[in-house]
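Heads up: the protein sequence lines correspond to chains A and B, in order.
For the first sequence, my numbering assigns the number 1 to the initial residue and increments by one for each residue that follows.
For the second sequence, my numbering assigns the number 425 to the initial residue and increments by one for each residue that follows.
The reader is advised that the hints may include incorrect statements.
[What the hints assert, rightly or not] Below, simulated DSS-like cross-link-like pairs (lysine-lysine); rule was C-alpha separation at most 25 Å, straight line:
1) Lys534(B) with Lys616(B)
2) Lys502(B) with Lys390(A)
3) Lys534(B) with Lys390(A)
[Stated by the list, open to error] If you want the footprint, here are the derived chain B segments under chain A, 3+ residues with CB under 8 Å:
4) 444-455
5) 468-474
6) 504-511
[Said to hold, decoys possible] Computed list of chain A residues with no C-beta within reach of chain B, every gap over 10 Å:
7) Ala32
8) Arg42
9) Tyr75
10) Tyr81
11) Gly128
12) Asn143
13) Asn298
14) Thr367
15) Phe377
16) Gln380
17) Glu413
18) Arg421
The hints are simulated quantities; they were obtained by calculation from the structure and are not laboratory data.
Cβ atoms here follow ideal geometry from the backbone N, Cα and C, with glycine treated the same way.
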Amino acid sequence: MVETLNHSAEALRHLFETQDGKFQSIRTIGWANFEQTGWPTRRDEEYKFTALDAIFKRNIDFSTSGFGYSIGKEYIQSKFYPVEGHHLVFVNGNFNKSWSSISGASLDISSFEDLNSEDLMKIVDQFGDDRASVSINRAFLSNGIAIRVGKSEESLPVFIYHFRDASESTTLSFPFIHVHAAENARIRLYEKSFSIGSHVHFASHFTGIEVERNANVQFTKIQELEKRDYTLDNLFVKQHENSHFFSNTFSLSGGLIRNNIEITMDGEHSEANMYGLYFLDGHSHVDNHTVVDHRFPNCDSNEMYKGIVDENSTAVFNGKIFVRQPAQKTNAFQANNNISLSDTATIHTKPQLEIWADDVKCSHGCTIGQLDNEALFYLQSRGIKPALAKAMMLGAFAVESLDHINMDIIKEEISQHIYSRLGV
Amino acid sequence: MIKIENLHASIEDKEILRGINLEVNAGEVHAIMGPNGSGKSTLASVLAGREEYEVTAGSVQFDGEALLELAADERARKGIFLAFQYPIEIPGVSTTNFLKTALNQIRESKGLQPLNAVDFLKRMKERMSWVEIDQSLLSRSLNEGFSGGEKKRNEIFQMAMLEPKLAILDETDSGLDIDALKIVANGVNKLKSADNATLVVTHYQRLLDYIVPDFVHVLYDGRIVKSGDKTLAMKLEAEGYDWIKEEMAV
Chain A
1 MVETLNHSAE ALRHLFETQD GKFQSIRTIG WANFEQTGWP TRRDEEYKFT ALDAIFKRNI
61 DFSTSGFGYS IGKEYIQSKF YPVEGHHLVF VNGNFNKSWS SISGASLDIS SFEDLNSEDL
121 MKIVDQFGDD RASVSINRAF LSNGIAIRVG KSEESLPVFI YHFRDASEST TLSFPFIHVH
181 AAENARIRLY EKSFSIGSHV HFASHFTGIE VERNANVQFT KIQELEKRDY TLDNLFVKQH
241 ENSHFFSNTF SLSGGLIRNN IEITMDGEHS EANMYGLYFL DGHSHVDNHT VVDHRFPNCD
301 SNEMYKGIVD ENSTAVFNGK IFVRQPAQKT NAFQANNNIS LSDTATIHTK PQLEIWADDV
361 KCSHGCTIGQ LDNEALFYLQ SRGIKPALAK AMMLGAFAVE SLDHINMDII KEEISQHIYS
421 RLGV
Chain B
425 MIKIENLHAS IEDKEILRGI NLEVNAGEVH AIMGPNGSGK STLASVLAGR EEYEVTAGSV
485 QFDGEALLEL AADERARKGI FLAFQYPIEI PGVSTTNFLK TALNQIRESK GLQPLNAVDF
545 LKRMKERMSW VEIDQSLLSR SLNEGFSGGE KKRNEIFQMA MLEPKLAILD ETDSGLDIDA
605 LKIVANGVNK LKSADNATLV VTHYQRLLDY IVPDFVHVLY DGRIVKSGDK TLAMKLEAEG
665 YDWIKEEMAV
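So that you can see chain A by itself, here it is in the shape it has in the complex:
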């Protein structure tokens, strides 16, 4: 029988109580909310296929967890992409300014420790709700960052590296990132997380992005994690008139990953694009829940998530699109296409459209399939061995998701990861 680990709010209390400092009022509210809700169970509709309570009970013992780390600057900086830009380092959820590399003045980056309480409160209050993954992030609010791109500025690319060091014991991280792109500003952010050490790590990420008029923000997330790594990730986006937002989410490995993306269209003529790829094996469990809330007319949203699931992995996709009554002339497109390579892999996919406006174009589609036999035969009929033909087809299916990334080194890295796993 599986031993029941102490995964509950109670087990985290000792950590909460040893916290101090200026974040205390935010933490107290977060903790109170978390204590009240606890982890979602399968009875919670939003967590039906990702019952955090049960998953954590089997895998995480919070009673012995902490924030300690042993990695150093040299190792961390060896992971930086050799690209001109801002390289921001988080270690177990805390921003580390001295290990980061910030170049030029096109960007204003403040750590939460440097912000006054009033500004910090504004940032934390702008987004979020009282779901457990948000509350827990608040309850352990760490040294996050606020990134500001000024009016009509174009920032150098921003690389955010999260080092999850679990070398000594079970560790936790609760990073918080807030991005504000002023009118006409442009910024591209690339976020990557690293698993270090052999113990369990639990992370609850929170990112809030405000995209002002005519601004353009691209956010790419790479999740290539160990099997003993558990991630809850919330990304909240608010778009104003004429703004553009792109997200790319690559979930390549990990024990559990739950990504929530919620985009609110708060001005006319804005456009949101969400692309995702998950490529899972072993017992990985990846759940992407997305929401686009169309509140103003003449906005477009496009969403395309693709997945390959193998072995005993599980993928969950839920895409909600709300088109409110004033949001006439909305164009909303959504697709989730999956390929299953194993009889023991599981896919749950659900589009959910709620439309109150009458003059809109909305389409959605979910597919779960195997590779096209005709196409495989075609490749084989030219002398290509079946295993290679299959790998070529899967690679082609997957790397299409890289089309929307404007950073060659990252495209190349993910493409190599995919093809090397496929054995090509």
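Take the given structure of chain A and dock chain B to it, following the hints.
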């Protein structure tokens, strides 16, 4: 080169080929003609190794080897090439990349080194001109968004790149206008040598004006019922297939 004896094949328990006998030697062009549903495409598919068809009797020797024992990709590496009647679109795989992979797999099976990038491009350039295919088409996803004619030219281009011993053209003329037909035929003729052979499967005679066959066979109801030279194709063009059907009914 290839010797087909008493070949029977079925799909979903329906017998389509009912005892085909055919021998093709190096340097020869054979045409297989016949009315719709006579089994022409089935023959092409069975030779290429399409798995939906079940061979229930007979044998096929290819260069002295039992062809039917081999999987489709092994047959291709031994020198069989099927130009598809309906070439498949494969998003995300460029023609160039696909051909490089195929060519190198074939070379590897012959114990040859992969072709280097310069030689590969040289070979591409040369053979692109044979079928008047454009470079921009080849860097796109394989057959995706190609017109019918472009797809057929791409088939012959692939054949030119892979240099098979036995090329089987399955209704390559269908859907082509006369100019495209000439280009395709021109490509096929360029490849013709004393060491290879071509099997042209077609419903109409017009392709045979440009790819001149040494032998013409009429397939009817799963058997070759008549063989002759190119004048047989002309007779079929002039008189249709009814006289064959009548002869068979007697």
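Going down the list of hints, with the structure as the test:
1. Lys534(B) with Lys616(B): holds (21 Å)
2. Lys502(B) with Lys390(A): Distance of about 21 Å is within 25 Å: holds.
3. Lys534(B) with Lys390(A): holds (23 Å)
4. 444-455: violated (count 0)
5. 468-474: holds (count 3)
6. 504-511: holds (count 4)
7. Ala32: holds (50 Å)
8. Arg42: holds (37 Å)
9. Tyr75: Tyrosine 75(A) clear of chain B: closest Cβ-Cβ about 36 Å, beyond 10 Å.
10. Tyr81: holds (25 Å)
11. Gly128: holds (38 Å)
12. Asn143: holds (42 Å)
13. Asn298: holds (30 Å)
14. Thr367: holds (14 Å)
15. Phe377: violated (6 Å)
16. Gln380: For glutamine 380(A), whose nearest Cβ neighbour in chain B is about 4 Å away, the distance does not exceed 10 Å, so it is violated.
17. Glu413: Its Cβ never comes within 10 Å of chain B, the nearest being 18 Å, so this holds.
18. Arg421: holds (16 Å)
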